[in-house]
Every structure is written in structure tokens, then in C-alpha cells.
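Based on these hints, arrange chain X on the given structure of chain U.
There are 2 protein chains.
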Amino acid sequence: MIGRLNHVAIAVPDLEAARAQYATMLGADVGAPQDEPDHGVTVVFITLPNTKIELLYPLGDDSPIQGFLDKNPSGGIHHVCYEVDDILAARDHLLTEGARVLGGGEPKIGAHGKPVLFLHPKDFNGCLVELEQV
Amino acid sequence: MIGRLNHVAIAVPDLEAARAQYATMLGADVGAPQDEPDHGVTVVFITLPNTKIELLYPLGDDSPIQGFLDKNPSGGIHHVCYEVDDILAARDHLLTEGARVLGGGEPKIGAHGKPVLFLHPKDFNGCLVELEQV
Numbered sequence: 001m002i003g004r005l006n007h008v009a010i011a012v013p014d015l016e017a018a019r020a021q022y023a024t025m026l027g028a029d030v031g032a033p034q035d036e037p038d039h040g041v042t043v044v045f046i047t048l049p050n051t052k053i054e055l056l057y058p059l060g061d062d063s064p065i066q067g068f069l070d071k072n073p074s075g076g077i078h079h080v081c082y083e084v085d086d087i088l089a090a091r092d093h094l095l096t097e098g099a100r101v102l103g104g105g106e107p108k109i110g111a112h113g114k115p116v117l118f119l120h121p122k123d124f125n126g127c128l129v130e131l132e133q134v
Numbered sequence: 001m002i003g004r005l006n007h008v009a010i011a012v013p014d015l016e017a018a019r020a021q022y023a024t025m026l027g028a029d030v031g032a033p034q035d036e037p038d039h040g041v042t043v044v045f046i047t048l049p050n051t052k053i054e055l056l057y058p059l060g061d062d063s064p065i066q067g068f069l070d071k072n073p074s075g076g077i078h079h080v081c082y083e084v085d086d087i088l089a090a091r092d093h094l095l096t097e098g099a100r101v102l103g104g105g106e107p108k109i110g111a112h113g114k115p116v117l118f119l120h121p122k123d124f125n126g127c128l129v130e131l132e133q134v
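Protein chains in written order, with full-length UniProt numbering: chain U, 1 to 134; chain X, 1 to 134.
In case anyone wonders, no lab produced these hints; they're calculated from the structure.
One should not assume that every hint holds.
Pairs count within a copy or across copies, as identical chains cannot be separated in the list.
[Stated by the list, open to error] Below, in silico cross-link-like pairs of lysine to any residue (SDA-like), each with a Cα-Cα straight-line distance of 25 Å or less:
1) Lys-122 - Ala-32
2) Lys-71 - Met-1
3) Lys-114 - Ser-74
4) Lys-108 - Asp-61
5) Lys-122 - Ala-20
6) Lys-108 - Asp-29
7) Lys-52 - Val-30
8) Lys-52 - Pro-64
9) Lys-114 - Asn-50
10) Lys-52 - Ala-23
11) Lys-71 - Asp-85
12) Lys-52 - Val-101
13) Lys-71 - Thr-47
14) Lys-114 - Gly-27
15) Lys-114 - Thr-96
16) Lys-114 - Gly-104
17) Lys-122 - Leu-15
18) Lys-114 - Leu-48
Predicted model only: the values in this text are computed from it and were never measured.
Next comes chain U alone, as it looks inside the complex:
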């Protein structure tokens, strides 16, 4: 069912410092910051030859990643995103198998403009999993 690893998302406490680390220390292709006010984050994409790293930084007063940074002040890996062809079929299969889909189970439009769902970390080894329909 799952296809490519679309991205690994890393929450960071200092976006410019993180951009500099990846650009200068690791010599990666680091994009410009993009504000995503509907999602409460500023995002930086790091383009690798086979996938992307997304740096996430809180935007606004109600950012969904502020709590994560409060618990992990140095930052940390926030989630992994797998691609699926049909997000409703994926959801229905997961529910049948006993997995928990966050947020009521209706796909939302994610930061890339595509339908996404998040799965409960307790069902996946403490790892928050995003599914994105591509």
C-alpha cells in the first residue's frame, strides 16, 4: 500500500541555524523558508536526490509543533510521510486492521496541497506517520 517516503519532518528551534547546518555543514540543497499559516508552520525543504527533509518551525500562536518543541527543546524528528495512491482506501484498510487515524479520519489538505492523514504514533512504534495521496 505505501509507496515512496515523501519526506522526513524535523522540528527545529532555530530555523536559520538549521538551514545553515544543512547548507554549510552537510552541503545540502536547502530552500527558502515558506510560511504556511493554515498549518501553523514555517517550512524549509531540503532536496535530496531521492526524497526530502522538511524543517518545521512554529508559526503563529497555535502551532501544532510548539508542544513538540516544548518537550524537545533541541528539536527532533517529528514525523515521516509515506505516499499512497488512494487515501480513502488506505484509511479504510487501516481502520479495518485496527489502526487509529487522527482527527476524525477525514483527510485534510496538507502543506503540499494534497490530501493527508496522520496515524496514531502508539500504533507505529512511537513514530507519527503521515500518509499523503500523490
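Relative to the frame of chain U, chain X by itself:
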């Protein structure tokens, strides 16, 4: 400098349950467990079209991931691994830029039989980074 994302490693508290989750719930291509006694882990590779997920489970009495699981009983993302062409050149560049290389800075032969180094998580947003020469 960094190339492909070689893998994302997830430490898991129950290897068979994790294998079943990825095979049955997520429909992924899940390999057989491989004991790596020199590294204190049993590894399961999940092959995605563009990269790999590595499930890590402690092996033996002195496993390097036991402490991580003690702190994260549900499991969690343990590290990301980026490929480099020349690990000694990568190390020297990182040291010049002020990054900390773990374990004295000499590459060791990793679980894939290739030279690897680990970078200090505090220098990379709380994220343990492995570099593997390919």
C-alpha cells in the same frame, strides 16, 4: 556533500509486532530479521521504492539502542542516515565547520558493511545523523 537518504531507523519494542504493522497495516515490503551481533541489534529492512526503513531491536546485553528504548518505551525514530562519497573528507569538513563527530571521529564498519560515522544530535536539531560512505 550529502547524497541520498539511505534509511530512517526506528527503534521498536516488539520486532514481530512492528513487522506485522508494516506488512499488514501499511502493505510494505518487509524483510526477515537479521541479527547483527557486532552492533548489538536485530535489524529488519523495509524496502520502499526510494529508500529504506530499518527497524532496530536490541540484541545482547549491551545493545546501543536499549537506552533509547528505556527512555522511549513505545519506540521512536532513532536516526537518519545520509550517504556520502568520501567519509573522511566529509568528517574533515564537518570538524572544520565545528560539528562534533561521535566515537573519536574514526569511521567504523556499520551494519551494512560500509564505513559510517555518527554526528552529535545536539548539533543537528536533536536528530542523530549517520553518514555512510557508499
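**Request:** List, from low to high, the hint numbers that the structure doesn't satisfy.
**Result:** The structure conflicts with hints 2, 3, 6, 11 and 13, although it agrees with all the remaining ones.
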